[in-house]
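> Below are the chains, spelled out letter by letter.
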Amino acid sequence: MNASTLPDNAAIGVFVLCFVATIVLGSTVRLWRPFLNRRKAATRHTADEEWGLGGREFGAWVTWFLVGGDFYTAYTVIAVPALVYSTGGFGFFALPYTIIVYPFIFAVMPRLWTIARDGGHATAADIVRARFGSRTLELAVALSGLIAVLPYIALQLIGIRTVIEALGFTGMLPLLIAFVSLAAYTWLGGLHAPALTAFIKDVMIYIAVLAAVIIVPIHLGGYGAMFHAAAQHLPPVPDGRIVAQGQTVPYATLALSSAFAAFLYPHTLTGILAAKSADTIRQNAVFLPVYTIVLGLIALLGLMAHAAGIVTTSSSQVVPQLFLAIFPSWFAGFCFAAIAVGALVPASVMAIGAANLIMHNILPRHGESVTGSRLAGFGVKIGALVCVVFLNAKFAIDLQLLGGVIILQTFPALIMGLLPLRLPAPALIAGWVIGSFTGLGLCWMDGLKPVHPIAFAGFSASVSTGLLGLAVNIVVTLALGSVIRLVLGASPSTLRVGPGVRR
Amino acid sequence: MKKALFLLLPFAGLLWVPLYNRHDPTLLGFPFFYWYQLAWVPVTSVLIWMAWKSDRQS
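Chains V and B are the protein sequences, given in the same order. In this text, residue positions in the first sequence follow this note's numbering: the first is 2, and each later residue adds one. In this text, residue positions in the second sequence follow this note's numbering: the first is 29, and each later residue adds one.
Please keep in mind that the hints were generated in silico from the structure rather than gathered at the bench. Take these hints with a grain of salt, some might be off.
[Said to hold, decoys possible] Covered stretches of chain V, as calculated for chain B (at least 3 residues, CB under 8 Å):
1. 11-21
2. 219-230
3. 249-263
4. 285-297
[Said to hold, decoys possible] Simulated DEER-style distance windows between Cβ atoms:
5. B:67 to V:472: 22 to 32 Å
6. B:30 to V:488: 35 to 45 Å
7. V:21 to B:78: 41 to 51 Å
8. B:44 to V:211: 28 to 38 Å
9. B:78 to V:112: 36 to 46 Å
10. B:67 to V:211: 14 to 24 Å
11. B:82 to V:365: 45 to 55 Å
12. B:83 to V:445: 11 to 21 Å
13. V:461 to B:71: 26 to 36 Å
14. V:112 to B:30: 11 to 21 Å
15. V:173 to B:71: 46 to 56 Å
16. B:47 to V:239: 27 to 37 Å
Quick caveat: nothing in here was measured; it's all calculated off a predicted structure. Every residue, glycine too, gets a C-beta built ideally from N, C-alpha and C.
With these hints in hand, go ahead and build the complete structure from the sequences.
Spelled out as structure tokens, the structure:
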């Protein structure tokens with residue numbers, strides 16, 4: 002770590018105050034929430050649905066904060082600028098990714114929500130089981146979700162640790178603080194905790210980011226000067242381009258595969274399924290892009306760090322170091338608290354999403370209870386902690402990359418399953434297996450890179466590995482699907498049509 | 029039909045990278061590459077809203 006600037010007690014004081022206040026608010030949500038709801042709704046929901054899905058009654062505003070809160074994570078605030086810092090314009094692919102994801106959500110998610118509501122489903126695997134009547138496929142989808150989300154939680158813990166370290170603490174203490182705060186917050190509050198504290202996180206992040214995008218250019222003499230100064234520190238790109246010629250296909254395919262994968266994760270899907278109505282989701286598809294503007298500004302922090310003369314080899318320290326360099330220390334402490342709270346909210350939703358998967362889909366069913374879900378959520382967090390402690394941060398990032406490849410392979414079962422294609426479960430399972438192995442195998446052979454070079458009919462480029470795996474998956478699923486239909490005829494057992502297909 | 033077009037436009041505008049992979053013209057100091065993509069955010073919001081509206085009409 003490059004400790005060029007050390008914070009003082011003011012920074013630590015503000016950080017502790019903001020962070021602790023949020024945790025207390027989130028953990029005690031059961032005590033103060035009734036005061037907000039004047040209408041004293043009779044709870045028609047089981048305690049489990051209440052803890053794991055917020056009673057499926059979040060309106061437009063809460064959904065907006067919740068989905069925004071767990072989609073744009075603290076890891077985003079640290080990692081996107083870090084990528085822009087090290088690769089320049091290429092790291093900006095997070096922007097098209099978080100734009101095109103919304104037409105996709107608008108087209109797909111209201112239908113998925115309707116199916117989930119009608120069938121009382123809480124997870125992607127629930128939906129797939131009901132749709133295809135296959136326990137194996139349910140397990141495949143549930144395990145994919147669990148494996149994909151675990152390193153994601155680990156990265157949030159690393160996010161909290163990063164800012165506590167930037168405050169000058171070392172050793173195991175930062176990680177311990179991160180873990181205990183997350184565990185208490187989720188155990189006590191359930192999904193209501195992140196939903197109602199997400200707005201604190203957002204307001205804090207907005208203040209931090211707006212301050213940065215206003216103050217830094219003033220220091221440097223405007224945005225033009227900032228872009229110019231940053232360009233001096235990055236590898237030059239010829240012909241007035243921003244992204245090098247060979248990088249444009251990786252840029253586009255990474256954006257596309259990330260957009261397809263984004264809402265297959267258990268945590269993002271939990272946020273969607275907790276909405277009150279299908280129209281709540283449509284409305285959010287219109288208004289959630291506001292977050293993307295903020296994301297674009299956050300990405301620019303990577304260039305601003307160059308312009309502000311931040312030199313660090315540990316790219317995750319880019320944003321903390323920038324804040325320490327340009328802000329008075331009490332405000333830097335505030336910004337760090339924003340990042341830490343920004344990690345707490347999504348990590349909590351992730352743990353709940355994973356707990357839902359374990360309780361509903363992986364364990365053989367024996368009465369769903371809140372304590373069971375809480376224990377499962379706690380177990381998931383322990384798993385994430387183990388990822389951080391025994392494997393290093395680099396490994397968590399690699400694992401998250403592999404998680405993205407894996408989660409993408411549930412796309413045919415969950416999303417293509419919405420189309421009137423009548424895909425048989427065995428074909429989907431075969432596609433899932435072959436697609437996952439192809440994607441993971443290519444990733445492994447390339448030395449854990451997100452893109453794989455392909456050459457086809459005189460055209461050669463690097464394409465997102467997850468997308469390649471998905472292409473193989475879809476081809477296998479469709480091919481095998483038609484073979485099965487030809488051989489068996491339309492056997493009703495394999496082509497069971499679940500509820501919600503009518504429309 | 030119109031709805032599908034509204035929803036597919038952002039994909040076309042953003043995934044064809046050579047379309048906007050250049051420095052000039054700049055806007056308020058932002059190279060074209062950056063402001064073009066940022067401009068797609070409000071445009072996408074409006075397109076989705078229009079798709080929603082055409083949905084309710086039909």
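> For every hint, state whether the structure bears it out.
Okay, the hints, checked on the actual structure:
Counting residues of the region 11-21 of chain V whose beta carbon lies closer than 8 Å to any beta carbon of chain B gives 0, which falls short of the minimum of three for the stated coverage. A count of 6 residues in the region 219-230 of chain V with a Cβ less than 8 Å from any Cβ of chain B is obtained; the coverage claim is therefore met, three being the minimum. Only when three residues or more bring their CB closer than 8 Å to a CB of chain B does the claim for the region 249-263 of chain V stand; here the count is 6, and the claim holds. Judged by the Cβ-Cβ criterion of 8 Å, the region 285-297 of chain V is covered by chain B as claimed, because 8 of its residues qualify and three suffice.
Separation of residue 67 of chain B from residue 472 of chain V is about 31 Å and conforms to the stated range, judged on CB atoms against 22 to 32 Å. Evaluation of the 35 to 45 Å hint for residue 30 of chain B and residue 488 of chain V yields a pass: the beta carbon distance comes to about 41 Å. Taking the beta carbon of each, residue 21 of chain V and residue 78 of chain B are about 45 Å apart, inside 41 to 51 Å as hinted. In this structure the supplied range 28 to 38 Å holds for residue 44 of chain B paired with residue 211 of chain V, their Cβ-Cβ distance being about 32 Å.
The supplied range of 36 to 46 Å is broken by residue 78 of chain B and residue 112 of chain V, whose beta-carbon atoms lie about 19 Å from each other. The given range of 14 to 24 Å is respected by residue 67 of chain B and residue 211 of chain V, whose C-beta atoms sit roughly 19 Å from each other. Separation of residue 82 of chain B from residue 365 of chain V is about 46 Å and conforms to the stated range, judged on CB atoms against 45 to 55 Å. Checking the proposed 11 to 21 Å range against residue 83 of chain B and residue 445 of chain V shows it is violated: the Cβ atoms sit about 44 Å from each other.
For residue 461 of chain V and residue 71 of chain B, the Cβ-Cβ distance of about 33 Å falls inside the hinted range of 26 to 36 Å, so the restraint holds. Checking the proposed 11 to 21 Å range against residue 112 of chain V and residue 30 of chain B shows it holds: the Cβ atoms sit about 19 Å from each other. As the Cβ distance of residue 173 of chain V to residue 71 of chain B is approximately 48 Å, the hint placing it in 46 to 56 Å holds. For residue 47 of chain B paired with residue 239 of chain V, a C-beta distance near 18 Å fails the hint of 27 to 37 Å.
When held up to the earlier numbered hints, the structure conflicts with 1, 9, 12 and 16 and fits the remainder.
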